[in-house]
Amino acid sequence: MARAAKPKASDSAPPATPNRERPPEPQRYKASKDELLELYRQMLLIRRFEEKAGQLYGLGLIGGFCHLYIGQEAVAVGLQSALTGGLDSVITGYRDHGHMLAYGIDPKVIMAELTGREAGISHGKGGSMHMFSVDHRFYGGHGIVGAQVSLGTGLAFKHKYAEDGGLCMAYFGDGAANQGQVYESFNMAELWKLPIIFVIENNQYAMGTSVNRSSAEDQLYRRGESFRIPGIQVDGMDVLACRGAGETAAEWVRSGKGPVILEMKTYRYRGHSMSDPAKYRSRDEVQAVREKSDPIDHAARELEKMGVTEAALKDIDKDIRRIVSEAADFAESSPEPPLDELYTDVLVETY
Amino acid sequence: MAIELKMPALSPTMEEGTLAKWLVKAGDIVKSGDILAEIETDKATMEFEAVDEGTIAEILVPEGTDGVKVGTVIATIAGEGEATTPAPAKAGAQEPADQKTEPTPEPHKVETGARKLFEAATHDATVGEAEVPEGTEMVRTTVREALRDAMAEEMRKDERVFVMGEEVAEYQGAYKVTQGLLDEFGPKRVIDTPITEYGFAGVGTGAAMGGLRPIVEFMTFNFAMQAIDHIINSAAKTNYMSGGQMRCPIVFRGPNGAASRVAAQHSQNYGPWYASVPGLIVISPYDAADAKGLLKAAIRSEDPVVFLENELLYGRSFDVPKLDDFVLPIGKARIMKPGKDVTLVSYSIGVGVALEAAEQLAGEGIDAEVIDLRTLRPLDTATVLKSLAKTNRIVVVEEGWPTCSISSEIAAVAMEQGFDDLDAPVLRVTNADVPLPYAANLEKAALIDTARVVEAVKKVCYR
Numbered sequence: 000m001a002r003a004a005k006p007k008a009s010d011s012a013p014p015a016t017p018n019r020e021r022p023p024e025p026q027r028y029k030a031s032k033d034e035l036l037e038l039y040r041q042m043l044l045i046r047r048f049e050e051k052a053g054q055l056y057g058l059g060l061i062g063g064f065c066h067l068y069i070g071q072e073a074v075a076v077g078l079q080s081a082l083t084g085g086l087d088s089v090i091t092g093y094r095d096h097g098h099m100l101a102y103g104i105d106p107k108v109i110m111a112e113l114t115g116r117e118a119g120i121s122h123g124k125g126g127s128m129h130m131f132s133v134d135h136r137f138y139g140g141h142g143i144v145g146a147q148v149s150l151g152t153g154l155a156f157k158h159k160y161a162e163d164g165g166l167c168m169a170y171f172g173d174g175a176a177n178q179g180q181v182y183e184s185f186n187m188a189e190l191w192k193l194p195i196i197f198v199i200e201n202n203q204y205a206m207g208t209s210v211n212r213s214s215a216e217d218q219l220y221r222r223g224e225s226f227r228i229p230g231i232q233v234d235g236m237d238v239l240a241c242r243g244a245g246e247t248a249a250e251w252v253r254s255g256k257g258p259v260i261l262e263m264k265t266y267r268y269r270g271h272s273m274s275d276p277a278k279y280r281s282r283d284e285v286q287a288v289r290e291k292s293d294p295i296d297h298a299a300r301e302l303e304k305m306g307v308t309e310a311a312l313k314d315i316d317k318d319i320r321r322i323v324s325e326a327a328d329f330a331e332s333s334p335e336p337p338l339d340e341l342y343t344d345v346l347v348e349t350y
Numbered sequence: 000m001a002i003e004l005k006m007p008a009l010s011p012t013m014e015e016g017t018l019a020k021w022l023v024k025a026g027d028i029v030k031s032g033d034i035l036a037e038i039e040t041d042k043a044t045m046e047f048e049a050v051d052e053g054t055i056a057e058i059l060v061p062e063g064t065d066g067v068k069v070g071t072v073i074a075t076i077a078g079e080g081e082a083t084t085p086a087p088a089k090a091g092a093q094e095p096a097d098q099k100t101e102p103t104p105e106p107h108k109v110e111t112g113a114r115k116l117f118e119a120a121t122h123d124a125t126v127g128e129a130e131v132p133e134g135t136e137m138v139r140t141t142v143r144e145a146l147r148d149a150m151a152e153e154m155r156k157d158e159r160v161f162v163m164g165e166e167v168a169e170y171q172g173a174y175k176v177t178q179g180l181l182d183e184f185g186p187k188r189v190i191d192t193p194i195t196e197y198g199f200a201g202v203g204t205g206a207a208m209g210g211l212r213p214i215v216e217f218m219t220f221n222f223a224m225q226a227i228d229h230i231i232n233s234a235a236k237t238n239y240m241s242g243g244q245m246r247c248p249i250v251f252r253g254p255n256g257a258a259s260r261v262a263a264q265h266s267q268n269y270g271p272w273y274a275s276v277p278g279l280i281v282i283s284p285y286d287a288a289d290a291k292g293l294l295k296a297a298i299r300s301e302d303p304v305v306f307l308e309n310e311l312l313y314g315r316s317f318d319v320p321k322l323d324d325f326v327l328p329i330g331k332a333r334i335m336k337p338g339k340d341v342t343l344v345s346y347s348i349g350v351g352v353a354l355e356a357a358e359q360l361a362g363e364g365i366d367a368e369v370i371d372l373r374t375l376r377p378l379d380t381a382t383v384l385k386s387l388a389k390t391n392r393i394v395v396v397e398e399g400w401p402t403c404s405i406s407s408e409i410a411a412v413a414m415e416q417g418f419d420d421l422d423a424p425v426l427r428v429t430n431a432d433v434p435l436p437y438a439a440n441l442e443k444a445a446l447i448d449t450a451r452v453v454e455a456v457k458k459v460c461y462r
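Chain order of the listed sequences is C and P. Each residue of the first sequence is one higher than the one before, counting from 0 in numbering that gives the first Met the number 0. Each residue of the second sequence is one higher than the one before, counting from 0 in numbering that gives the first Met the number 0.
In short, the hints are calculated from the structure, not lab data. Warning: the hint list may mix true and false statements.
[As the list claims (entries may be wrong)] Computed footprint of chain C on chain P; a stretch qualifies when at least three of its residues, placed anywhere within it, have a C-beta under 8 Å from a C-beta of chain C: (1) 198-206; (2) 268-280; (3) 299-313; (4) 322-332.
[Unchecked claim] Only pairs whose alpha carbons sit at most 27 Å apart, straight line, appear in this in silico BS3-like list of lysine-lysine: (5) C:K159 to C:K192; (6) P:K175 to P:K20; (7) P:K156 to C:K159; (8) C:K159 to P:K187; (9) C:K192 to P:K187; (10) P:K187 to C:K256.
[Unchecked claim] In silico contact screen, one side only, chain C against chain P (beta carbon under 8 Å); selected entries: (11) P23; (12) H122; (13) K124; (14) G125; (15) S149; (16) G153; (17) L154; (18) G179; (19) D344; (20) V345; (21) L346.
For clarity, every value in this text was computed on a predicted model and none was experimentally measured. Note that beta-carbon positions come from the ideal geometry of N, C-alpha and C, so glycine has one too.
Based on the provided sequences and hints, a complete structural model is requested.
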């Protein structure tokens, strides 16, 4: 399975003579040392945050469903680093902690939402799957598989309608890629040339069903072909490949050429949710990916080659562990929402 | 034997139309499929095609004639070898149709339930609209035009408002409700979608989350079942789930409930479904003034609104106050007719039936108060309970299924909050608890009618 996470170049090459214009093949981003350090830091923040969330779940401090992003960090961090903060919108499904952290949202309010506290970003009323930050133009956090694709298309519609130059990045998984509304959205997005990047995070399992068992066309970047939407397959375990793809896609979309699909080949190390025993794949498979393709290790090795010392990386880790542990303390010690929160925010107005 | 061409019924509720234009003249040879004339209904201009072959013998109704009843013979065709009436040598010299008004056979007109609902929908309120300043000029307006005017006025006021849906732009609306909007506002703001309800409901909802104010038209609410996930899971719940951060100011609108003879999949009242969902506003008006004033309020609301119209009411005319900005409050019922003996509670097309029943009951010495709920969520229980305290009896009239309905809700509210005021059990007059059948007689048996309301009222009045 490690193979699948790192597609051969030939797998993702466009047809020899494309019959319509395509974006250029994305180039791996050439990051400066400081840039890569920042990406590394963000990925590590997500990794440590999710590990802590897993722990708190085990302690009963987090309830319900909790879907961890461990293994997929390079996707959100790489892609979102190519966006214009404060302008471009991001929307995703229920596995949303990573995308929020990558958009600069305070880990404390995310963790406090996980523990269902008043200080949580949704005042404890959304939980793991339903978090939003309109200020950061992060539009959720949606629990219905595939819904974010139509909603994201609507956000892109807004960018075009308002002529604000922004775009929407809508993330969904290989499982959601089989939902009907995804294709309804593809059709309208291309028809109206909406500024949207459809990001398929192909972590290879829709809950317990592998892509091959659920998808007649398992090369998901091709899923837009009948709508004339170009698709690009990207190594989602390489943060700089993700960044490069994000820039190519954003340039295409912003130039008014309509949507683009990025299929990010990635892998989640943990179960679908905390309650998933993951019997559908072998421990060896997971181990092999972790050892050979881990996006954080990968970036660390590259940083070392750029002259960053092991000690410096350790300092970063220490700093992040402190941030995460403060977030956890905050989330544990914050009060639960007062009971009158029960009836607030049902409607905006009073009738 | 000449073939008679009769004024066709081009919609289930069409009774007459305008013969806008003849495209043939006497003496022309026509074959099946040729377009003979253009006929205007209240909804659209339709082309009238030849079915039979032959020569146009005579044009009996000249173009430009208004109010041509369905079934009127408008021309005759002579078949092959038949003598045509001496074809006039000059085109356009047809006899000035001083109406050869030979008794035209009535078209086969079946008595249907929908027709009775439609006919009852001429009944109007007997009390003035409290929200309108005295002396305001009233203009007869169809519900269809009132809805269009509401949208147009709000679109003029607020750049963020746009309309999307199937056939809303170039076709001018499947039921002509969006007529003229494309011309005025252009394709950026009046948007034809593919047939893709789930998709465009999501796109509209996303656009609302992004800060626009979409009006999403469903061709009928039956098709919105494909999109109900976005209406409920995305639009209704997000404000709550986001701790009040993410608003969704959107209006989902379109016809709801039974139309005429369109059978089960096109004839359902979704009022109770949506009214059960916290986070939604649900409005279901009866007359044109409420349609206008409440749609304007819906478009301005910061909350997601499901706005349930009724196809049978679109062509009905009512008084609409001539005001620059006529907006009605959401969540307020309206007393259509005051009374003291029994309270009839209804909404949408049921209001016409309730008013007709009240009229009949008055003749029998029972003075019924008729309440139009207008908004189904939040429900104006105060108005209902106040009326109950006065009359001590309630009959709910609902064009919809009985189980888990608005009627059930009113019954529960009356029992929980008005128990001491009740002198009789609350009765429900609803459609039969079956998918709506096609056959005219069965449809009639399934839909509410005045007789059943009268019967229920007599029961609660122990008469």
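Against the structure, the hints:
{"no.": "1", "hint": "198-206", "result": "holds (count 9)"}
{"no.": "2", "hint": "268-280", "result": "holds (count 3)"}
{"no.": "3", "hint": "299-313", "result": "holds (count 3)"}
{"no.": "4", "hint": "322-332", "result": "holds (count 3)"}
{"no.": "5", "hint": "C:K159 to C:K192", "result": "9 Å, holds"}
{"no.": "6", "hint": "P:K175 to P:K20", "result": "20 Å, holds"}
{"no.": "7", "hint": "P:K156 to C:K159", "result": "20 Å, holds"}
{"no.": "8", "hint": "C:K159 to P:K187", "result": "10 Å, holds"}
{"no.": "9", "hint": "C:K192 to P:K187", "result": "13 Å, holds"}
{"no.": "10", "hint": "P:K187 to C:K256", "result": "18 Å, holds"}
{"no.": "11", "hint": "P23", "result": "29 Å, violated"}
{"no.": "12", "hint": "H122", "result": "4 Å, holds"}
{"no.": "13", "hint": "K124", "result": "6 Å, holds"}
{"no.": "14", "hint": "G125", "result": "4 Å, holds"}
{"no.": "15", "hint": "S149", "result": "2 Å, holds"}
{"no.": "16", "hint": "G153", "result": "2 Å, holds"}
{"no.": "17", "hint": "L154", "result": "5 Å, holds"}
{"no.": "18", "hint": "G179", "result": "7 Å, holds"}
{"no.": "19", "hint": "D344", "result": "4 Å, holds"}
{"no.": "20", "hint": "V345", "result": "5 Å, holds"}
{"no.": "21", "hint": "L346", "result": "5 Å, holds"}
In this structure, the one hint that does not hold is number 11.
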